[in-house]
Every structure is written in structure tokens, then in C-alpha cells.
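*Asks:* In case you want the letters, here they are:
There are 2 protein chains.
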Amino acid sequence: MRIVTEKDLRVCIKLDHDAVKAVEQGFAYLSQGKATVPPILMLPVPEQQGEVDVKTAYMPDIDKLAVKIASGFFNNNKKGLPSASGMMILLNSRTGFPEAILLDNGYLTQVRTGAAGSIAAKHLAPSTVTHAGVIGTGTQGRFQMRGLKLERDFKTLHVFSLDPEDTVEAYRREMAEELKVEVIIEPTVQAVVEKSAVVVTTTPARKGFIRAEWLHPGLHITAMGSDTEEKQELMPEVFSRADVTACDLKSQCFSLGELRSALEAGILTRESPVIELGELVAGTKKGRTSDNQITLCDLTGVGVQDTAIALQALSRAEKQGLGTVVE
Amino acid sequence: MRIVTEKDLRVCIKLDHDAVKAVEQGFAYLSQGKATVPPILMLPVPEQQGEVDVKTAYMPDIDKLAVKIASGFFNNNKKGLPSASGMMILLNSRTGFPEAILLDNGYLTQVRTGAAGSIAAKHLAPSTVTHAGVIGTGTQGRFQMRGLKLERDFKTLHVFSLDPEDTVEAYRREMAEELKVEVIIEPTVQAVVEKSAVVVTTTPARKGFIRAEWLHPGLHITAMGSDTEEKQELMPEVFSRADVTACDLKSQCFSLGELRSALEAGILTRESPVIELGELVAGTKKGRTSDNQITLCDLTGVGVQDTAIALQALSRAEKQGLGTVVE
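The listed protein sequences derive, respectively, from chains Y and S. Adding 12 to a residue's 1-based position in the first sequence gives its number in this note's numbering. Adding 12 to a residue's 1-based position in the second sequence gives its number in this note's numbering.
Quick caveat, the hints were computed from the structure, so don't treat them as lab data. Errors might be hidden in some of the hints.
Intra- or inter-copy, both count: the list cannot distinguish identical chains.
[Unchecked claim] Keeping only pairs whose Cα atoms sit at most 25 Å apart, straight-line, the calculated DMTMM-like set for lysine to aspartate or glutamate is:
#1 LYS298 x GLU194
#2 LYS91 x GLU339
#3 LYS262 x ASP175
#4 LYS46 x ASP65
#5 LYS26 x ASP65
#6 LYS167 x GLU330
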């Protein structure tokens with residue numbers, strides 16, 4: 013059994029085309045019916061504004077499966093600690109025996125979530141994107157822009173955030189340097205939406221804050237923040253303006269994602285034409301077909317992404333001799 | 013983060029009064045509404061007759077919580093490998109941060125399941141038990157009798173098993189030596205039930221094999237085999253003969269345990285007077301009140317047991333300096 017720490021995982025895995033390819037493969041299995049994804053186990057720890065989630069997926073074509081334990085404890089921030097932690101456990105899918113523990117503290121989740129954003133942009137963003145936008149300046153605010161940059165070579169990044177000024181300023185400096193783009197802090201969400209061809213929302217908001225009337229032809233929005241029944245970033249009416257609506261996993265998004273509130277508002281039904289990322293990857297469905305369309309993508313995070321990225325991480329750690337072997 | 017292997021866990025934890033006490037505390041929290049137990053995450057791996065289950069429980073009064081990953085892959089037997097494997101991960105319940113990984117390969121589950129059987133016997137078995145019975149000669153066939161022996165000093169053990177002769181013979185020798193009892197291999201389940209004051213069923217049967225007409229006054233039966241929707245050990249009619257019916261967790265037993273088929277058969281309703289072990293431990297409900305009653309207990313395994321035993325294991329491992337500390 014190999015045990016790999018976050019430090020070593022950061023050495024062997026990053027959000028690049030290889031990571032995106034691995035996650036694409038996971039989504040392809042999902043859309044081909046070659047993945048079993050049980051409902052997420054969620055353990056609330058309300059005293060700490062916390063939650064432990066367990067996700068997994070089994071793909072018969074792959075000889076390992078990952079079980080991911082992810083904690084988000086939002087009182088940690090008050091204690092000066094990061095809110096996210098966790099690990100991925102790889103089991104042999106022929107015997108059930110544990111083979112590796114990746115003590116990633118959520119790093120691999122950040123990478124695979126950024127990769128999903130990249131896949132969404134590849135199929136749904138307009139062909140040329142000069143102005144990108146992001147709502148939220150946390151870790152996914154960074155990873156989503158890294159993922160987008162892999163697919164669309166944007167030059168200007170418009171940012172809105174409720175974070176304190178120094179956090180936003182740190183984000184501005186970091187992204188400007190890393191992505192070689194001009195970063196503009198905007199005073200409103202509306203300004204970001206109106207100026208950008210692609211917007212990614214990366215917040216834990218519990219109320220929709222993107223309004224339908226701000227949308228313009230050619231816009232693509234990826235909403236990756238909502239992954240529980242309480243969260244929401246898009247007003248339900250946004251969906252009535254979309255020419256193409258996509259998501260990672262319909263069954264999950266209709267209960268935990270943006271599709272949930274659109275369903276409740278009667279704007280979508282479970283029969284509405286919503287495309288899954290796996291169908292885009294496999295080529296069985298088309299994403300954006302003209303630069304004037306408005307497109308949306310709702311991401312909640314699927315166990316196939318975890319298994320995909322965990323496998324790539326373990327394979328690299330083994331090759332590079334990283335980690336501790338126990339027994 | 014401390015990582016403890018099965019070998020070390022076997023050194024520091026066994027099924028004794030301390031282990032039973034820890035598990036009792038877990039059940040007490042459960043019955044007092046001081047435990048959150050989300051539904052079990054179940055991932056089927058049908059190609060290998062396999063399943064990965066994840067159980068957890070959060071008890072606000074305890075500063076850690078365990079997430080248990082348990083695999084049962086029944087094709088492993090054909091490969092000469094054990095079917096069970098897995099681990100428990102302890103998280104700090106104030107921050108969500110991982111604190112320990114117990115690579116127990118199912119050993120701690122065996123202990124805590126035996127402990128639940130012991131608790132059931134304490135409150136439900138007749139005060140004096142000379143003849144005990146067991147159906148099944150696997151690992152739980154052993155642990156259940158160890159657990160029973162802690163509470164009732166039986167002298168003779170009646171055994172029925174479908175296992176091959178050498179497996180049954182190994183069981184006979186082992187139990188006779190360890191528990192200092194006479195072990196008699198019986199030709200039928202009926203013989204075991206009729207001769208015993210306490211019977212524990214420990215099989216993965218998918219059809220009830222204990223018939224109502226075999227029950228006699230003073231009998232206690234613990235059925236611990238069923239923990240999925242497909243498994244069953246008791247014919248539903250058995251429940252119509254019980255004076256006292258108990259279980260570990262009603263909501264779980266009505267979907268995964270023996271209570272499920274009794275419910276389907278209309279012999280029990282969700283409103284029937286079924287006692288939970290935690291109520292017996294806390295003293296808010298009474299178990300057996302006379303030596304002539306027929307009593308039943310249905311065990312499916314609850315996350316509070318895992319958290320309880322994992323905490324005891326970690327505390328001992330720390331004291332004894334067992335395990336590897338990573339980072």
C-alpha cells in the first residue's frame with residue numbers, strides 16, 4: 013500500500029492537458045453507461061458549519077476505483093485553518109483490496125474540478141474568447157481560470173468577489189503573473205457578465221446572483237459552486253435564455269446543482285434537453301454550434317472525475333518513487 | 013497522521029469488556045439523538061460479486077469521527093483471497109482534518125459486530141444460558157460466540173454450518189479450546205434452535221431459514237447476517253412469536269435487516285414496538301423481563317459502532333506507540 017502526501021501529489025499532478033484528458037475519459041465512461049456512481053454520502057457537522065462528503069465511482073474497464081473523503085469545515089477559517097481537507101483511497105476493483113491512499117487535502121479535487129471546467133469550455137465557449145470573467149477569488153476561482161486558459165487564450169480577466177480587499181488583490185497579482193493576462197476587479201457581478209464571453213461562478217452562494225437580463229449572445233457560463241441542495245448561483249430564469257444547457261451528471265445536478273432550482277421554478281423539467289459532459293466528450297451530442305448562442309454548464313462534481321485523477325496521480329507517484337510504502 | 017496496520021490493531025484491540033463498553037457508549041449516543049448516521053453508501057461491483065460500503069456517524073460529544081470503507085468481494089474466495097478488506101479513517105470532528113488511518117482489513121468491524129451481539133445478549137438472553145447455538149462457522153460465527161461468552165457462561169455450543177467439513181472441524185476445535193466449551197456439530201438448523209437458549213445466525217443467506225415453529229419459550233435469537241436488501245435469515249413469521257423485538261437501528265433494519273421481510277410480510281409495521289439497543293443500554297426501555305419470553309435482535313451494523321471502536325483502537329495505538337506517523 014502506497015501512501016502519498018499532498019506535497020508529493022503537487023509535484024506529480026497539476027491542471028494540464030494530461031489531467032483534462034484523464035477526466036474526459038472518466039466522463040466518457042459515464043455517458044457510455046460504463047460507470048456506476050452511487051449517491052454521495054453526506055455527513056453534516058452543523059456545529060462547525062462543516063460537512064464530510066464521500067464520493068465514489070466504479071468503472072468496470074478500470075482495475076482500480078477511488079473512494080474520496082472530502083471535508084469542508086467553514087468555521088476553520090475563523091481558526092486560521094483551511095476549510096477543505098480529505099483524501100482519496102484507491103481500491104483494486106477486482107479484489108476490493110486497498111492499494112493506495114492519496115493524502116491530498118482536497119488538492120486532487122481542485123485539479124479535477126478545474127479539468128471539468130476546461131472540458132465545458134472546450135465544447136461550449138465561443139471559439140475565440142478575449143474577455144473571461146470569474147465570480148469568486150478562492151481556490152476554484154484560480155483553478156477554473158487555469159482550466160479555461162488551456163482551451164481559450166483569453167487576454168483580460170474580469171473579477172468580482174465578496175472577499176476582503178487583500179485576498180482579492182492577492183488573486184489579481186497571482187493570476188496576472190501566472191496566466192499573463194490583465195486582471196480587472198469589477199464593482200459588480202453584472203459588469204463581469206456584460207464584459208465577458210465566458211464567466212465561471214465559483215462561490216458557495218445560497219441564492220442566485222446571476223440575472224437573466226445580463227446575458228448576451230455568445231456568452232458561456234459555467235456554474236461550479238453548487239453541490240448541495242442549499243446552494244445556488246444562477247437565477248432560475250437564466251436557464252430560459254440558454255440555447256444549450258449542459259451539466260456533468262443530470263441526476264446529480266437536478267438535486268444538488270443549478271438545475272435543481274430551475275426544476276423547482278418550472279423552467280426546466282427532467283425531460284428538458286440537457287447534455288452531459290460525457291456526451292460532448294464522446295461526440296454523441298454537440299455543444300455550442302454558433303458563436304451567437306448562449307450556453308450554460310452546471311457542475312456538481314462526479315466520482316468518475318475522482319477515480320480518473322487519482323489513478324493518474326498514483327501512476328505518476330509510482331513512476332517517480334514518491335510516497336511511503338506501508339507493509 | 014498515524015497509520016496503524018491490522019497486525020498492530022490486533023495487538024491493541026480485542027473483543028473484551030472494554031470494547032463492548034465503547035460500543036455501548038456509541039449506541040447510547042444514538043438512542044439519545046446525539047448521533048448523526050447518514051444512509052450507507054453502497055457501491056456494487058457485480059463482476060466480482062463484490063460491494064464497497066461506506067459507513068460513518070458523527071457524535072457531537074466526541075472530538076473524532078470515523079469513516080469506514082469496507083469491501084466484500086466474494087469472488088476472492090475462488091482466488092484463495094479473503095473476501096473482506098477495508099479501513100477506518102478518523103477525522104477530527106471539529107476541523108474535518110484526517111488524524112489516523114486504521115488499515116484493519118475488516119478486523120475492527122468484526123470486533124464491534126461481536127460487541128453488538130454481546131450487548132444484545134446482556135439485555136435479551138435468559139439470565140442463565142447453558143446451551144448456545146450458532147448458525148455459520150465463519151469469522152462472525154467466532155466473534156458472536158466470544159461476545160456471548162462475555163455475558164453468559166454457556167457450557168455447550170451447538171453448531172450448524174453449510175461450510176466444508178474441514179472448515180467446520182477447524183471451528184469446532186478452535187472454539188472448544190478458546191471458550192472452554194463442548195462444541196457439537198448438529199445435522200440441522202432445527203436441532204440447534206431446539207437445543208439452545210441463545211442462537212446467533214451469522215450467514216449471508218438470502219432466504220429465511222429459521223422457522224417460527226422451532227422457537228421455544230426462553231429462546232433468544234440474534235440475527236446479524238443481513239445487512240443488505242437481499243439478505244434474510246429469519247422467516248417473517250418468527251417475528252409474530254417474539255415477546256420482545258430489538259434491533260440496532262430501526263430505520264436501517266427496516267430496509268436492510270430482518271425487519272425488512274417482516275415488514276413486507278405485514279407481520280411488523282414501522283410502528284410496531286421494536287426496541288433499539290441504545291435504549292436498552294441507556295435504560296430507557298427494558299429488554300427481557302422473564303425467562304420464558306422469546307426475544308429477537310436484528311443487527312445490521314451502525315456507524316456509531318465504527319466510530320466507537322476506532323477511537324478505542326487509536327487511543328491504544330497512540331499509548332503503545334504503534335503505527336507509522338506520516339508528515
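*Asks:* Against each hint, give a clear statement of whether it holds in the structure.
*Replies:* Verification of the supplied hints:
1. Neither within a single protomer nor between protomers do LYS298 and GLU194 lie at most 25 Å apart by alpha-carbon distance, with minima of 32 Å and 72 Å respectively.
2. Taking the closest pair of Cα atoms, LYS91 and GLU339 come within 25 Å of each other only across two copies (21 Å); inside a single copy the shortest separation is 36 Å, beyond that limit.
3. Taking CA atoms no more than 25 Å apart as the test, LYS262 paired with ASP175 passes in neither setting, with 31 Å inside one copy and 45 Å between copies.
4. For the homomeric pair LYS46 and ASP65, the shortest alpha-carbon distances inside one copy (23 Å) and between copies (20 Å) are both at most 25 Å.
5. For the identical chains of this complex, LYS26 and ASP65 are intra-copy neighbours only, at 23 Å inside a copy versus 30 Å across copies, given an alpha-carbon limit of 25 Å.
6. In this assembly of identical chains, the alpha carbons of LYS167 and GLU330 never lie at most 25 Å apart, being 38 Å within a copy and 54 Å across copies at closest.
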